[in-house]
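If you count by the working numbering, then the sequence shown holds residues 157 to 425, one letter each, in order.
Any given hint might turn out to be false.
[Stated by the list, open to error] Taking lysine-lysine pairs in the DSSO-like style, the calculated list, with each CA pair at most 27 Å apart, reads:
1) LYS366 / LYS377
2) LYS375 / LYS331
3) LYS385 / LYS353
4) LYS166 / LYS210
5) LYS349 / LYS331
6) LYS166 / LYS312
To be clear, the hints were calculated from the coordinates, so they are not data collected in a lab.
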Amino acid sequence: MSFKISFCGKSEIGKVRKNNEDSIFIDNDLSLAVVADGMGGHKSGEIASSMAVKIIAEKYAQLTEAQMKPSPYYEKYSVQTNRLIFSVNIANAMIYETSKAKEENKGMGTTVTACACCDGILSLVHIGDSRAYLIRENSIFQLSSDHSLVMEQVRKGIITKEQAETSPLQNVLLKALGTQSLIEPEISETEIKEGDKILLCSDGLFKCVKEEDILSAVKAKNNCEEAVKILIKESYEAGAPDNVTIALGTAEKIEFKEKLKMLLRKIGI
157 MSFKISFCGK SEIGKVRKNN EDSIFIDNDL SLAVVADGMG GHKSGEIASS MAVKIIAEKY
217 AQLTEAQMKP SPYYEKYSVQ TNRLIFSVNI ANAMIYETSK AKEENKGMGT TVTACACCDG
277 ILSLVHIGDS RAYLIRENSI FQLSSDHSLV MEQVRKGIIT KEQAETSPLQ NVLLKALGTQ
337 SLIEPEISET EIKEGDKILL CSDGLFKCVK EEDILSAVKA KNNCEEAVKI LIKESYEAGA
397 PDNVTIALGT AEKIEFKEKL KMLLRKIGI
């Protein structure tokens, strides 16, 4: 079964921060969404997250439209996942080189959570502690892992998830885009069904709004834009100490005319 995901999204500065270091990019023609949360002084976080979403979107679109298989190519993943991996790796290299070029950008980096849908498969490439969720019927599933110190401690049984939520170390990342010349992002493929919802977000959402409340807000509104507004509102009501960024999309069947249009675009007609 062929599906597309139509995303909508929003990024807000929050109630405490002086600038927005989050970035978001959506391309509904490619069922692509990217969310990034930058870090670094002198506006370096803004630069890193903006570079990440733009480069990933541009490279993925170029590879898809040219119907190219990137190199290296990982046979265990689909071609679309390989294109997303390649795009994320290019973004990493370019951010890393930028951070070395200017002293004021030294050490800058960003989280990134990028997904694309094709032929009923959701490709996800992720690094850092932004998140991807699958909302199916009355359940919510976290598709990504948090690459943070506290969540690593949770996974090892050192602390509980509840303790992690109040830990002073909760913002310490173990992995980020652009901080090293080479990275190992988390990669996954998930089969999706009609009506599934995919939510990408920065930590400004899930540190303010519990997962069950995210589920309730999304289920309460069939319209993704309205659901995003509710989630932003709930983040602000909880204090919004950080930037809040959300991309939310619904898996929909691709009609015959749209399939034909996509096929013609693929072969350059």
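Verification of the hints:
1. A C-alpha spacing of about 17 Å is found between LYS366 and LYS377, which places the hinted pair at or below 27 Å, so the restraint holds.
2. For the proposed pair LYS375 and LYS331, the alpha carbon gap of about 32 Å is over 27 Å, so the pair is violated.
3. Distance check on the hinted pair: LYS385 and LYS353 sit about 16 Å apart at the alpha-carbon level, within 27 Å; holds.
4. Between the alpha carbons of LYS166 and LYS210 the distance comes to roughly 16 Å, so the proposed pair stays at or under 27 Å and holds.
5. A threshold of 27 Å between alpha carbons decides the hint, and for LYS349 with LYS331 the separation of about 31 Å lies outside it, so the pair is violated.
6. Between LYS166 and LYS312 the alpha-carbon distance is near 34 Å, which puts this suggested pair outside the 27 Å criterion.
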